[in-house]
Amino acid sequence: MSNDMPRHRRTNHALRTTMGAVTMLVIVALAAAIAIVRPMPSLADAARGRSLTASRTVSRLQLQSYCPASMSLPDAQSYGDDEFRASTGDLSSTTRTASFGAFYQTTLTGLDGKQRTSLSAATGEGTIATTTDDNAGSSLAQTRLLRSDDGSGTVTTRAVKATSGDLAGVSATTCTATALTHTFLLPQTTTGVSQRLVVANPSSKPTSVDVVIRGTKQSGPLSLATSGTLTVDAQGETQMDLSAAAGGQDGLYVTVTSRTSAVGAAVLVVAMDGLTVKGSDYAEPVPAAEKSGTMAGVAAGDEVRAIVYAPQSGTVSFSWLTTAGLVKARAEATDQRVGSDRVTRIDLGKAPKNTVGVVYTADVGMSVALQTVRSGRDGQSDFALIGAAASSASSAITLPDGFSGQMMIVNASDKDAKGVITGYDAKGGAAGRRDITIKAGSAASLPTRDIAADAVAFTVDAQDNVQGDAQDDSALAWGMIVTSGDVDKAGLAGFSHLSPQALTAQTMQVRSSPDPSIVR
42 MSNDMPRHRR TNHALRTTMG AVTMLVIVAL AAAIAIVRPM PSLADAARGR SLTASRTVSR
102 LQLQSYCPAS MSLPDAQSYG DDEFRASTGD LSSTTRTASF GAFYQTTLTG LDGKQRTSLS
162 AATGEGTIAT TTDDNAGSSL AQTRLLRSDD GSGTVTTRAV KATSGDLAGV SATTCTATAL
222 THTFLLPQTT TGVSQRLVVA NPSSKPTSVD VVIRGTKQSG PLSLATSGTL TVDAQGETQM
282 DLSAAAGGQD GLYVTVTSRT SAVGAAVLVV AMDGLTVKGS DYAEPVPAAE KSGTMAGVAA
342 GDEVRAIVYA PQSGTVSFSW LTTAGLVKAR AEATDQRVGS DRVTRIDLGK APKNTVGVVY
402 TADVGMSVAL QTVRSGRDGQ SDFALIGAAA SSASSAITLP DGFSGQMMIV NASDKDAKGV
462 ITGYDAKGGA AGRRDITIKA GSAASLPTRD IAADAVAFTV DAQDNVQGDA QDDSALAWGM
522 IVTSGDVDKA GLAGFSHLSP QALTAQTMQV RSSPDPSIVR
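Start counting at 1 in the sequence shown, then tack on 41, and there's your number in our numbering.
Treat the hints with care, since some could be wrong.
Keeping only pairs whose Cα atoms sit at most 27 Å apart, straight-line, the calculated BS3-like set for lysine-lysine is [unchecked claim]:
no., residue 1, residue 2
1, K369, K468
2, K155, K468
3, K369, K394
4, K456, K480
5, K456, K394
6, K391, K530
7, K480, K369
8, K391, K369
9, K391, K332
10, K369, K459
11, K332, K369
12, K394, K459
13, K258, K394
14, K246, K155
15, K394, K480
16, K480, K459
17, K530, K332
These are computed hints drawn from the structure, not numbers from a lab. The structure presented is a predicted model; accordingly, all values stated were derived computationally and were not measured.
Sequences are here, hints too, so could you generate the full structure?
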């Protein structure tokens, strides 16, 4: 038998050898190309985190707001003669919560999470329910929504009154959402005025809070006489005496920033002149700086002071917004120069007849708040702190038991606007309704009893404007002046201001991007 390989087998062997060599050359060439050629960014895996970054808008279905405790004295120690001893008198406090639209349940709890009162939607959507809590401690209002849309949400209000003692008068606040950052515009810290910042931490972990204060005496942050960092325990509260930290200022701009978790914050302001009561009120966080804004909640005869903070120097002018239109404020409040990164206090004088609000315009963004003052007998007085009114297509205010309300609705735009006011009773039923039309640059004032005698919660819904164009959501803004018949009968000045809570769809933007460092 021959040892020679058949011709066809020799041919296949040679072919396989040649193809193997060619394949090896191709692999070597590709390896060399990968080593020296940079791939296109769009083909690289997470090139600089851009190509695989995702962004999505999600609805917020859980709402949380913080209500500070009942108004209190900075020093309640019992010492000295009775006639000179500080006293809260017959102070009483009431909180009311109302939920609207597509909500499932709202609970009012302490910071420790223990439930006090709750309310639920009867049918699951399209309902309104209210509840009252007389507990004087701090509280959290927590709401679970079925969906986030216009007309759904929760508003909680705390109101305090006294006809005797060092807190005689009325104080009230709309409870505000917890957040990482809060800013406040506050009145003077001169002798006799106490300002206490209260920070609440509803989370299960402690957090540190940085407090930065700017005043009227210089530009930039002040060097504080006390520490500017607070530690807030889990489900706890802590206080900072702003009057001690930054005394002798004619106004303050305070920024509160939590390092880890959302917190609630409020400032309790109490004023005395020796033994004479000069009022008390809660200060709520103010919105971001704007070139124009409206404060709704001023009445004829009120003594009005504006507190202004501007990140950069500029000029601001104020006007009274009345039921008859705009009226220029006193000359000293027109084209007022405001310094950079500091607070300026401007005296607007007495509000003229038919005044409902104040409008400001500026050439740079500014934060503005008002302090309005009313006088009672024997030198006693009370004041209200009013921030810029945020307008919304739908918003609400609740009125706690034992108080009366005056709705102040303004239209600072250049077009006539109309809306619908609806009042609800304590069981959540619709008790009254009124259609309103407010001319451009004008305002309206009406007592809540004109909507319904038994109404305890109120909504204002913007409608298409009168000219038939699309509604400008910034047209209608409003607030409520709160008074007490008991305080009025005692011959004392007693009033405060409530801001509405927007009932609009709440969303947040969630972004994600790859991070190779988390894979080891």
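Exercise. Identify every previously stated hint that the structure contradicts and give their numbers, smallest first.
Key: Structure breaks hints 1, 13 and 17.
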